[in-house]
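Engineer: What follows is the residue order along each chain.
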Amino acid sequence: MREKLSAKFWLLIVAILTAMVLAACSGGDEDGGDETTEGNAEGITAWAWDVNFNIAALELALEHYDNEDFDMEIIENAQDDIVQRLNTGLSSGTMNGMPNIVLIEDQRAQSFLQSYPDAFYPIGDYFNTEDFADYKLAPTSYDGEQYGLPFDTGVTGFFYRTDYLEEAGYTHDDLVDITWNEYVEIAKDVKDKTGQAMLSLDPNDLGILRVMMQSTGTWYTTEDGTIQLEGNEPLQMALENYKELMDNDVVKLNSDWSQYLAAFNSGDVASVPAGNWIAPSIEAEESQAGLWRVAPTPRLDMEGAVNASNQGGSSFYVLNIDGKEEAAEFLGETFGSDVEFYQDLVQEIGAIGTFIPASEGDAYQFENEFFNNQQVVYDFSQWMEEIPQVDYGMNTYGIEDILSAEIQQYLDGKSLEDVLSDAQAQAENQFK
Amino acid sequence: MKKLKRVFTYLFLSVAAIVSIFPFLWMLVSMTNKSVDVTAGRLIPGTHFIENLKNLLDQTQIGIALWNSFVIAIITTVLTLLIGSLAGYGFEIFRSKGKDIVFNILVLSMMIPFAAIMIPLYRLFGRISADAPLIGLDTLAAAFLPTIITAFFIFFFRQNTKMFARELVEAGRIDGLSEWGIFFRIYMPTMKTTYAAAAIIAFMNSWNNYLWPLVVLQSPNKQTIPLLISNLGAGYTPDYGVIMTAIVIATLPTALVFFLMQRHFVAGMMGSVKG
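Chains as they are written, first to last, in my numbering: chain A, 1 to 432; chain B, 433 to 707.
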């Protein structure tokens, strides 16, 4: 009896297994034609991250695109996942399964363009590069060719709580066009008078240093890729400001994104100096409506610095596979030239592009009640045009890993010169 | 004195229990709260569960992802157990000159991290895609094929087979059973606990596998649960309530498998220690 039962049991397992293998394979069959992108113009695919932002923007572009023969599948992938997939696919030399259009963050783009120059298709002929903010062009081009179609701007602003700042004795005019030194002084005042921290920082994320540095048009590397940490005056000054902030207890430390969001949503910090994309997260806390405004980003206290900088932002790239012309045409006709599309983009999705002609449209003049009826989008689009151009090079994130370890020693009392020369030596060893 | 010792023992155990249970509790509570409340660290159950669930169903194809994960995990588990146990049984029961050398090489291969073989493996699947679309890139088969034969399970079964009485094999042979018959009718039923332990480990590994499915599965209808959760957390303004709901759904099957086989699992693990 027992033996019979177990024989039946195994028969059942084998049957289930067979059924599942068949199911798995038939699933594959369905898409078998799709994945060999060689030679099928209809199956254009695009990879991007964030359903509410980039994916929504692509869908909107598809609606605006006046071409009935064009069909595109938009696939959502986390940004890190896109990086992983592209790296695996491109380094194995297998273009199978790669998308036609892919979104890449500007500060990462050069590492792809320089490592796999043949994998991308130059799209400079499909739109007019002069229509776009200057600072977007260097990171999206390589070797004289334009590879990326500039998408959203990471133009930064100094978001602040009007109630806390008023309590500390500051009006909006006092906060416009200030330097980071002044920002530190204001932070101390706010702490004294209201007891609130001025901003929230993650010690492992040096985004704020990049924001400070770019206001002078400088970066960790020069245009020809030479690492310049030692003797980099803007970086030195940025680090001094950073240490001032940390030493004076005006920073609420966070260790991940959710804590960062919580810091301002729960009213624990008086300001958020960050890219404009943080606005929806600030607006998520409806009870704080009317309590926020945005001033221009502080600048470093040196010649040539402007009150405008950038954090994040990404652009679209076309891979050098079949369907590239269709993909490039689609991008050129929508993201590359359609003013109307950009109005809807701002209104429906809240995404601010880097297409300059768009800023004169109606949607950009919108007065945002959450921010005290400020024309936030228009202000951002004006600051965007002033962002100094910087070549982000290949190793921004690699250099930053080295720097963030050194910065801890700087905060513990190591001299600034030693910190930078040590970081320089390490970076040169690693990225030779 | 004895009482005091007891108090401390229980105190320690309670603290340890709270520390290990807290993340699960937080996950369950957060599932019922709004994103803003989750980030603020609210620990009281809220009323947003239905809303979170609705958003999750609207925004993602979680049904398809669950199905894909199930198909991959079950096929992987069954094949892994079958192949791993056959190999482990063979290594232990049959005599052969070079078997220990072969076995040592096999065990050494456990030291190679997956990231090192990922790109060659991807090339391999890319190459065969044109000729064998059923197991090429972007098929579920490609997601489980490289994971079904692992040195770990061969090792695991060999160690456990040391407990298996050889006399049973002899008895089977005398009674005229074929070698396959001995394996399926004597070995398998006797080693039930080992199979249960291995099944849990194989199922969990496959269910949580992230890197390989990530690179090899590209179309949205092939997505597995870990990939879906990774997407949810990747927005500029992630909705933590929805993420927590998805994580709870993703945790349930492994929890279920574990509780169903818990008794065998502990026995099986003890077996491998003794071996």
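Bear in mind the hints are in silico, worked out from the structure with no lab data behind them. Note that the Cβ used here is the ideal one computed from N, Cα and C, for glycine as well. It is possible that some hints are incorrect.
Unchecked claim - Reference listing, derived: stretches of chain A covered by chain B, where coverage requires no fewer than 3 residues with Cβ under 8 Å from a Cβ of chain B:
#, region
1, 50 to 59
2, 83 to 91
3, 110 to 121
4, 245 to 259
Stated by the list, open to error - Here are the computed distance ranges between Cβ atoms for each label pair:
#, chain 1, residue 1, chain 2, residue 2, range
5, B, 483, A, 226, 32 to 40 Å
6, B, 456, A, 391, 17 to 25 Å
7, A, 253, B, 455, 54 to 62 Å
8, A, 226, B, 456, 47 to 55 Å
9, A, 289, B, 455, 31 to 39 Å
10, A, 391, B, 552, 31 to 39 Å
11, A, 405, B, 446, 48 to 56 Å
12, B, 483, A, 253, 26 to 34 Å
13, A, 249, B, 684, 57 to 65 Å
14, B, 441, A, 289, 47 to 55 Å
Engineer: Now tell me if each hint is right for this structure.
Structural biologist: Comparing the hints with the structure gives:
1. Beta-carbon proximity to chain B at under 8 Å applies to 4 residues in the region 50 to 59 of chain A; the threshold of 3 is reached and the given coverage holds.
2. Closer than 8 Å: that is the beta-carbon criterion, and the region 83 to 91 of chain A has 5 residues meeting it against chain B, so the requirement of 3 holds.
3. Counting residues of the region 110 to 121 of chain A whose beta carbon lies closer than 8 Å to any beta carbon of chain B gives 0, which falls short of the minimum of three for the stated coverage.
4. Only residues whose beta carbon comes within less than 8 Å of a beta carbon in chain B count, and the region 245 to 259 of chain A has 3; three or more means the coverage holds.
5. For residue 483 of chain B and residue 226 of chain A, the hinted distance range of 32 to 40 Å is not satisfied, since their beta carbons lie about 53 Å from each other.
6. Under the hint 17 to 25 Å, the C-beta atoms of residue 456 of chain B and residue 391 of chain A, about 48 Å apart, miss the expected range.
7. Separated by about 22 Å at the C-beta atoms, residue 253 of chain A and residue 455 of chain B break the suggested range of 54 to 62 Å.
8. Taking 47 to 55 Å as the suggested C-beta distance range, the pair residue 226 of chain A and residue 456 of chain B conforms, at roughly 51 Å.
9. The hint said 31 to 39 Å for the Cβ distance between residue 289 of chain A and residue 455 of chain B, and at roughly 34 Å that hint holds.
10. The hint said 31 to 39 Å for the Cβ distance between residue 391 of chain A and residue 552 of chain B, and at roughly 34 Å that hint holds.
11. Judged by the Cβ atoms, the range 48 to 56 Å given for residue 405 of chain A and residue 446 of chain B is violated: they are separated by roughly 39 Å.
12. The hinted range of 26 to 34 Å is satisfied by residue 483 of chain B and residue 253 of chain A, whose Cβ atoms lie roughly 32 Å apart.
13. Our hint of 57 to 65 Å for residue 249 of chain A and residue 684 of chain B is violated, since their Cβ atoms are close to 44 Å apart.
14. A C-beta distance of roughly 54 Å is found between residue 441 of chain B and residue 289 of chain A, which places it inside the suggested range of 47 to 55 Å.
Consistency note: the structure conflicts with the earlier hints numbered 3, 5, 6, 7, 11, 13.
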